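A.B. asks: Residues per chain are reported as follows:
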Amino acid sequence: MSFDSSLDDAELLTRAQEAPEGDTRAFEELVRRYQAKVMTNCRYLSGSPSDAEDLAQEVFVKAYFGLARFERRSSFETWIRRIKSNHCINWATKKRLKTVDVEPTVAENAARTDPAAERALDREDTREKVGAVLLELTETLRIPLILRDMDGMSYEEIGEELGIGLSAVKMRIKRGREEFRRVFAEQYGEAV
Amino acid sequence: MADQQDDDFVEDMGEPIDALRDLSVDPSDGFLGRLRNTLRRRDLSSQVATLSWTGFGAVALEFFRMIFSMLEPPVDGEGED
Numbered sequence: 001m002s003f004d005s006s007l008d009d010a011e012l013l014t015r016a017q018e019a020p021e022g023d024t025r026a027f028e029e030l031v032r033r034y035q036a037k038v039m040t041n042c043r044y045l046s047g048s049p050s051d052a053e054d055l056a057q058e059v060f061v062k063a064y065f066g067l068a069r070f071e072r073r074s075s076f077e078t079w080i081r082r083i084k085s086n087h088c089i090n091w092a093t094k095k096r097l098k099t100v101d102v103e104p105t106v107a108e109n110a111a112r113t114d115p116a117a118e119r120a121l122d123r124e125d126t127r128e129k130v131g132a133v134l135l136e137l138t139e140t141l142r143i144p145l146i147l148r149d150m151d152g153m154s155y156e157e158i159g160e161e162l163g164i165g166l167s168a169v170k171m172r173i174k175r176g177r178e179e180f181r182r183v184f185a186e187q188y189g190e191a192v
Numbered sequence: 001m002a003d004q005q006d007d008d009f010v011e012d013m014g015e016p017i018d019a020l021r022d023l024s025v026d027p028s029d030g031f032l033g034r035l036r037n038t039l040r041r042r043d044l045s046s047q048v049a050t051l052s053w054t055g056f057g058a059v060a061l062e063f064f065r066m067i068f069s070m071l072e073p074p075v076d077g078e079g080e081d
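Just so you know, the sequences run in chain order A and B.
Numbering (the numbering used here) for the first sequence: 1 to 192.
Numbering (the numbering used here) for the second sequence: 1 to 81.
One chain only, chain B, in its complex shape (with noise of 0.2 Å):
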C-alpha cells in the first residue's frame, strides 16, 4: 500500500533532459591504439598463463606415469619358468 502511494506520488518525474541525449566526450587521440596494446598485452600473458599450467600438467602426468610404472609388477617376469 505504501509502495503503492510512492509509486503514485513520483507518477510525474518531469520532463526528460534532452541535453543530456546530446552530451558526448571523445576519447583521446591515441586510444584505440593504446585498447588494442591493452588486448595484446593481456591476450599474451593469458596464453602464457595457459601454456604454464598446461607444461606444469605435462610434466605432473610424466611423473605420476613413471611412478606407476615402476610399481607396475614387471610384464614378462624372469624366473617364471
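Here chain A stands alone, though its shape is the one from the complex (with noise of 0.2 Å):
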C-alpha cells in the first residue's frame, strides 16, 4: 500500500509525525524514498555488503522511533543521513575492534585466483567496478571519501562526525581520491 507520493519530505515528515501509533505509511513512503541511497551508504561506509541490509534497517528503525523527538531543524534527508553515518561508522569501528586483520574483498579474490571470476569481473559496469574498488581501499580512506563524494557533507561535518581536525579530513580525502584513481586505473586500465 503506497502513500500519496506526490507529498514533499516535509510534508510527508509531518504526517509520520502525526500519525497515530501504528500507521507507518508516511514514512514508508520516506523509506521508499532514502533505501537505497542508505542501503549504498551502508554497504560502502560499513565495507560490508553482507551486512548492509542490517544497518539500513536499523537507520530506519532508529529514524522511526526517534521521529517523535525530530526537531526539524534540518531536512529528513539531511536527519537521515546523520543516523546512517552515525550507525554505520560506530558499526565499523566495533567490528575493526573485534577483527585485527582487514578482510579482502571477495571480488579481488576470485579474480585473483579464478581466470573466469577475472572475466566476470571485466564485464561488470562501471558501477560495480567503482564498488568494487572502493571496497578496497582502507576504511580510514574510504569512509571521508565516502561521506564526501557520495553523501555531499562539508569538511567541517566530516571532522566532527569522525572527531578528527580539518586538515585530516582534507588529507584523508585527498589521498582516498588518489588510491581510488591508482586502484581503478590499476584494476581495469581506465581512468575514472
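Just so you know, these hints were derived from the structure itself, not from any lab.
Since this is a predicted model, take the numbers as computed values, not measurements.
Among the clues, some could well be false.
As the list claims (entries may be wrong) - Residues from chain B shown here face chain A by an in silico Cβ test under 7 Å; the list is partial:
1. 17
2. 19
3. 20
4. 24
5. 25
What the hints assert, rightly or not - Label pairs and their in silico Cβ distance ranges:
6. B/51 to A/19: 16 to 24 Å
7. B/51 to A/160: 38 to 46 Å
8. B/51 to A/49: 36 to 44 Å
9. A/94 to B/46: 19 to 27 Å
10. B/37 to A/18: 21 to 29 Å
11. A/54 to B/64: 44 to 52 Å
12. A/74 to B/64: 39 to 47 Å
13. B/57 to A/70: 25 to 33 Å
Note that the Cβ used here is the ideal one computed from N, Cα and C, for glycine as well.
The two chains are supplied separately, each in an independent frame; assemble them into the complex guided by the hints.
C.D. replies: Following this line, the structure appears as C-alpha cells:
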C-alpha cells in the first residue's frame, strides 16, 4: 500500500510524526525514497556487503523511533544521513576492534585466483567496478571519501562525525581520491 | 601555524570522484516488509514494557495506599463520648 507519492518530504514527515500509533504509511513512503541511498551508504561505509541490509534497516528503525524527538532543524534527508553515518561508522569501529586484519574483498580474491571470475569482473558495469574499488580502500580513506563525494557532506561535518581535525579530513580525502583512481586504473586500465 | 600549513598543503584535494554519486545499491524485494514487521514488533514490545511499568506502578500505588490507610487514625473514633 503506497502513500501519496506526490507529497514532499516535509509534508510526509509531518504526517509520519502525527500518525496514530501503528500507522507507518507516511514513514514507509520516506523509506521508499531513501532506501537505495541508505543501503548504498551502509554497504560502502561498513565495507560489508552482507551486513548492509541489516544496517540500513536499523537506520530506519532508529529514525522511526526518533520521529517524535526530531525537531526539524534540518531536512529529513540530512537527519537520516546523520543517523546512517553514525550507525555505520560505529558498527565499523566495533567490528574493527573485534577483527584485527582487514578482509580482502571477495571480488578481488576471486579475480586473482580464477580467470573466469576475472573475466566476469571485466563484464561488470562501471557502477560495480566503482563499488569494488571502493571496498579495496582502507576504512581510513574510504569513509571520508564516501561522506564527501557520495554524501556531499562538508569538511567540517565530516571532521565532527569522525572526531578528527579539518586538515586530517582534507588529507584523507585527497589521499582517498588518489588511491581510488590509482586502484581503478590498475585494475581496469581506465580512468574514472 | 603548523595547522595553517597543513590546511594550505591539502588545499588542492583533487577532483571529486563523480562516479560515487551515481553508485546505487537497491535493497532486496522484501526489505520494506521486513522493516514494517520490525517496527511493529518493537512497537509492541515497547507498549508491553510501558504497560508492565504502568501495571507495576498501579499495584505499588494501591499497596502504599492500603498501608497508609491502615496507619491513619480512625476518623470517627470509637469511645469519644
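A.B. asks: Decide, hint by hint, whether the structure agrees.
C.D. replies: Each hint tested on the structure:
no.	hint	verdict
1	17	holds (5 Å)
2	19	holds (5 Å)
3	20	holds (4 Å)
4	24	holds (5 Å)
5	25	holds (4 Å)
6	B/51 to A/19: 16 to 24 Å	holds (21 Å)
7	B/51 to A/160: 38 to 46 Å	holds (39 Å)
8	B/51 to A/49: 36 to 44 Å	holds (40 Å)
9	A/94 to B/46: 19 to 27 Å	holds (24 Å)
10	B/37 to A/18: 21 to 29 Å	holds (23 Å)
11	A/54 to B/64: 44 to 52 Å	holds (45 Å)
12	A/74 to B/64: 39 to 47 Å	holds (46 Å)
13	B/57 to A/70: 25 to 33 Å	holds (28 Å)
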